[in-house]
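*Asks:* What follows is the residue order along each chain.
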Amino acid sequence: MTEFLLAAAVFVLGTVALGLVRILRGPTNADRMLAAQLLGTGGVAALLLLGVATGTSALAEVGLLLALLAAFASVAFVSGATSGGHTTSGGQAARGGEEPGRDAG
Amino acid sequence: MLRSALGRWALLFGFWLLLAGPWDGASWREALPDLAVGLLAGSLATWVSLRLLPPTPERIRYGALLRLASQFLGKSIVAGFDIARRAFDPRLPLRPGYLDYPVRIPPSPDRAAFGALTSLTPGTLAVGSDEKDHLVYHCLDLDQPNAASLASDEALLLRIRFADSAQ
Amino acid sequence: MSMAPAVDAGLALLILGLGLWIIAARSNFAAVVGFMTYGLMLALVWVRLTAVDVAMTEAALGAGLTGVLLLGAAARLPAEAPGGGPGAGLRVLVAVLCVGVAAALAGVVLSLPEPAPSLAPLVAENLPPTGVKNPVTGVLLAHRAIDTLLETVVLIPALIGVWALAADRAWGARPGALTPRPSSSSLTLLAQVLPPFGILVGVHLVWAGADEPGGKFQGAAVLAAMWVLVVMAGLADLPKVTNRLMRYTLVLGPLVFVAIGLAGIWTAGAFLALPAGYAKPLIVLIEVVLTLSVALMLGLLLAGPPKERA
Amino acid sequence: MSLALDLFTIMSVALGALFFLAGTVGLLRFPDTLTRLHALTKADNLGLGLIVLGLLPQVGSVVAGLGLIAVWLLALLAGATVGQLLAGAVPPSESRQSHREGSRP
Amino acid sequence: MSGTTLFGLCGAALVGLGLYGLICHPGVLRKILAFNLIGSGVFLLFGVIAKRGGGALAAAGAGVDGDPVPQALVITGLVVAFAATAIAVALLLRLVELGGRDTLEDEAPRRAPPPPGRRS
Amino acid sequence: MSPAWLADVLALGGDLLVVPLMLPVGGLLLGLVLGGRHLARVALALMVLGLAAALAVAAAVLQAGAPLHYELGGWSAPLGVGLKADGLSAVLLLISALVVLAVGIYAQRPFGVAPGTAETRSSLAFWMLLLGVWAGLNTVALGQDLFTLFVALELLTFSAVPLVALDGRAETLTAALRYLLFALLGSVLYLLGAVLFYGTFGTLDIALLATAIRGADPLPPALLAAASLMTVGLLAKTALFPLHLWLPPAHAGAPPAASAVLSALVVKGSFFLIVRIWFDLMPMLLTTTAAQILGALGVAAILYGGLLALRQARLKLLVAYSTLAQLGYLFLVFPLAAASEAAGSVDVLTGGMLQLVSHALAKAGMFLAAGLIAASLGQDQISALGGIARAMPITVLAFGLGGLALVGLEPSGAYLAKSLLDGPAAAGGQWWWGLAMSVGGLLTAAYLIRVFYHALAGFQLPPSLKRRPARYQELIALALALGALLLGLLPTELLGLVEIGRTGVELGGLR
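Residue numbers (numbering that gives the first Met the number 0), protein chains in the order written: chain A, 0 to 104; chain B, 0 to 166; chain C, 0 to 309; chain D, 0 to 104; chain E, 0 to 119; chain F, 0 to 510.
One chain only, chain A, in its complex shape (with noise of 0.2 angstroms):
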């Protein structure tokens, strides 16, 4: 079983890494916040198969951690995004206009 569970927690790990991907081409910040969102959501079920897998203690506790933190993470993206970035927000603008093009039909 405990082999199992390190396989499944292998291919957790395989689609985050395939989900960088969209951190890498983003193409506008909200992409990116929202893949690492993705990704971390991905992170805390690698940690619980991990974590049963090895019979960790505490895992529960560093699980409710990084939920807590990514959601925190993600507001603070909205925050500065709206409030203080002038630059941000033409940026995005910008460079969502390159999307349209690939709209689905």
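Honestly, the hints are just simulated from the structure, not real lab data. Quick caveat, the model's predicted, so the values are computed rather than measured. You may find that some hints are simply not true.
To give an idea of the chain C side of the interface with chain D (calculated C-beta under 8 angstroms), a few residues [stated by the list, open to error]:
(1) L89
(2) S183
(3) S185
(4) L188
(5) L189
(6) V192
(7) F196
Covered, in the sense of this in silico footprint (three residues per stretch, anywhere, with C-beta under 8 angstroms from a C-beta of chain C), are these stretches of chain E [unchecked claim]:
(8) 4–14
(9) 31–38
(10) 79–88
Where is the CB? At the ideal position from N, CA and C, for every residue including glycine.
With chain A held as given, fit chains B, C, D, E and F onto it using these hints.
*Replies:* Relative to the frame of chain A, chains B, C, D, E and F by itself:
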């Protein structure tokens, strides 16, 4: 006021018990300090909760709440499958667009909760509120009966608190 | 075939890839988001290294609070990193140097003595007198108490340094880096619902930290995050920098620590020594008061220098 | 009994991992920020839920299991609100316009 | 090679990587990030040393398998690194607010800045 | 001879070391709560107490003739953290207390809070940060554990960097930011070295590590890596020649009281640790080329700093570049100690510490004087100093005496230091180090003469002063400079303080 304070305290204390797990300990005496700290921490958390989110005078119908919870659990599972289906489909069947939903819940934490919950249901994502009485939704597939689904969810939510306005 | 090496290899690859991205990314923001993810993955590595206490600290401080701090900075700076820097030739030279350093370190890692020298047996032997069961807490608050004390003291000049960046006339105003976002109902909801649970998690980490993984720094980081969340949602104001109560709270923890330490000269024969039999309650007391002070300091460090509101 | 539980774990965890893959694929394939946000709020939370469900029989005590569920609930709460928050941070004018164009049949 | 050694090598590589970024990156924010990268590489090395030195406590039933001294020091180090980052970020933001640039290059750039368009 | 209470104090032994460690820390904690008008007074009172404590520690060390040891928390070394006060520590404690007290008196005016006003930004920040610097220095002086010393270094950095940026102009912010990045790189490299030491020997205690290193055969490769990483890191913090870029703008841009502390003390903190590492931790490595490299860098710093000081148009920048050059002298200690026999190596170290003290006093005085001149004139262009010697004779005298002490004229500490260093240089056949010192002295004289040429010119026509400096401020600067100039008159028994706790025999034995 007192009722909802007690309710929250019970909920938060329950969460503490989850975290601390005092009944895992060897003996009753060892668990005692844990419980005492839990009572204190729970009270502190309740106080903060009451400060941040003052309770409203209406009473909560727990039956409706339970039904709502179970329904959203089911819907969020369906939502997951829905995403998976669309993501794996080579044709990428999406018809995204916006939906202005005339919301009946007055602006309040309840409405925010409605937005959050409906973001977990298949195909809809609350984006913001355009005017006073509209919530803007982003939909994955405009061909789905999104508005109807939202309306039924809303009715369910309204029943928790406003018994009269439910159909 | 065992899966454990695959997990380690995957994590190592992820970490290295993210590190590369943090250095190579063009936009500041992309680098910062990469850093937050990197912190998350590091927390997993710490779990693999069976250092759960560190994993918690990394998740809370390394990824969480540091990430938020940098995110705020990235939002206020031009999106693209400025051009320039050393010329190509110099870059190659630096790269060679850095590869050399890394290679030398790698060589050192491979040549570390076997069996590894360790203080673990000594800690195990000397843990009972402290009364705590978590050896990391024992080391932090008994065996190496001076480091912990100095390190909370270090936060005070750091905070003063941040405050000192205010304009002269803004002195006495509230910290200004966390501007509340106007009227977002979902943010408000999150800031109304999450903090009570966060408080319980924080208190639990501190309380359980004596015997299980956890402790004041982790707990304080969670409490600070919840406080800042409430502030960002506009549900509470930060205290003014001249606020008395805040200042008392800031120094309460270290002051109690120093007082107990000094009392130790008479009661237990040395500065920072804990009298036999009272060690555990004193450690818990120190942890609790330090948590308050450290949480406040971490939150204020995030909140930046005081600023006049328009 | 133990075999059945193990089987349950394997099924549930595997399914959960699959949802993580779905979320990542959605993150990469979906055409714009808002549709990707759907993937964030829905697929990964289900994946985490299933993995938690699958791990329940493997942890020693009831409390540890309840702790895992708490992690999931917290992630669910965070996911729901953060999805909305990030959606609010996407510049409305530009993205909405792109959609109106994009959603023309 | 054991996973622990692997993480040790990883830490060494991170130090090198961060060092390069700290020296070569013109942007201050990126220098701060690079500093954090070096820091985490150092902590990782310390963690590897802690893991190698473990074992005795696990036998004693303390539930932690590793040398707790480096672990405690890493926790201390993480807090100090956070404080350092906070000071650096505050300085940088104040500098930009006062009209300075987000780089420490001398005012006359040695090379012409790259054109604002794309360079991929 | 000594009164009973003094005997009592000395009998405290190791407990005595807690006082200098906790006095500034207590100041930091109380100061934040007090704030406002009281802070300046309370800080000053603490500084007086701190000087007394430093004197007591020095007296105790002298009386015992051996280092004082202390085990914090009652835990002994590999697990716990120890304190030690040997001669070197006592000297650093004393000079820190002295300069901090002088600066504390001087700063009562610029950083006091007028009656009736609430707390101001700069006053709170200045006093707190000054206390922070002092706390860091005292910990550096007493710490015996590599990680505790790391925290002390960070305490020093976090306090010193904001001091640079205290006046809040974009220019000084840039200087502070550059300083911070150098300092952080330095700390993290130092920490990396400490980590490698722990991984190899399983302890962070300096004495235990020294024993382990002495017993190691062959030397493990990690040792070399750790030593070089730590040294490079500390060099970046000390601003030795190729890593000096941050220093001149930072020291010149800070308020005078802050510059004085930065130049006189803060850079010495990291130098002190280099000495600790090389002389206490691994003296056998001193005989390698590493010591020669350090010396060569020192010579480069002497020449480079001196030449750039000559070219500066602003007085404070000139003083800052002069610091660069003077730091170079300190590093000659390493090759000279390596070249000399056991007894000579102790002489060399005494010379080095004397140079450290002399420079600290002289440079603090000069920065304070330069600050008074700049404040009075509204600017500090050297070419516009005409007649200043007539308008502010005491200040210019202080600057001049400080300069003479730097050049190394007869009774000065620098003179004595150079004569202590010259002997081993000649004896070891390494005359070039002595030559470098002489050239450095000439350069120092040259840039000082340039200042005096302008300051004494236009004697008939005193410039209009924007504001007069307070007399006591001028006297403080003068006292510091005089101290540096008369340091050479110290009785030899006091010079012997540095030797306490030295084990010169080992060095010789390993050669």
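*Asks:* A closest beta-carbon separation below 8 angstroms is what the hint needs, so does C:F196 meet it against chain D?
*Replies:* Holds. Min distance 7 angstroms.
*Asks:* Is the coverage entry for the region 31–38 of chain E by chain C consistent with the three-residue Cβ rule at 8 angstroms?
*Replies:* Since three or more residues must qualify, the claim that chain C covers the region 31–38 of chain E holds, with 5 doing so at under 8 angstroms.
*Asks:* Under 8 angstroms, Cβ to Cβ, is where C:S183 needs to be relative to chain D, so tell me if that hint holds or is violated.
*Replies:* With a closest approach of 6 angstroms, the C:S183 hint holds.
*Asks:* Is the interface hint satisfied for C:V192? The criterion is a beta-carbon contact with chain D at less than 8 angstroms.
*Replies:* Because about 7 angstroms separates C:V192 from the closest Cβ in chain D, which is inside the 8 angstroms limit, the hint holds.
*Asks:* Is the listed coverage of the region 4–14 of chain E by chain C valid when you require three or more residues with a beta carbon under 8 angstroms from a beta carbon of that chain?
*Replies:* The restraint on the region 4–14 of chain E holds, since 11 of its residues have a Cβ under 8 angstroms from chain C and three suffice.
*Asks:* Using 8 angstroms as the Cβ threshold, decide whether C:L188 counts as touching chain D.
*Replies:* Holds. Min distance 6 angstroms.
*Asks:* Would you settle whether the hint for C:L189 is holds or violated, based on the nearest Cβ-Cβ distance to chain D being less than 8 angstroms?
*Replies:* Holds: closest Cβ of chain D sits about 4 angstroms from C:L189, inside 8 angstroms.
*Asks:* Holds or violated: the hint that C:S185 contacts chain D, with Cβ atoms closer than 8 angstroms.
*Replies:* Hint on C:S185: holds, closest Cβ of chain D at ~4 angstroms, below 8 angstroms.
*Asks:* Against chain D, with CB atoms and a cut of 8 angstroms, does the hint on C:L89 hold up?
*Replies:* With Cβ-Cβ at 38 angstroms, over 8 angstroms, it is violated.
*Asks:* Given that the region 79–88 of chain E was listed as covered by chain C, double-check it with a C-beta distance under 8 angstroms for 3 or more residues.
*Replies:* holds (count 9)
This entry does not satisfy hint 1, going by the numbered hints stated previously; all others are met.
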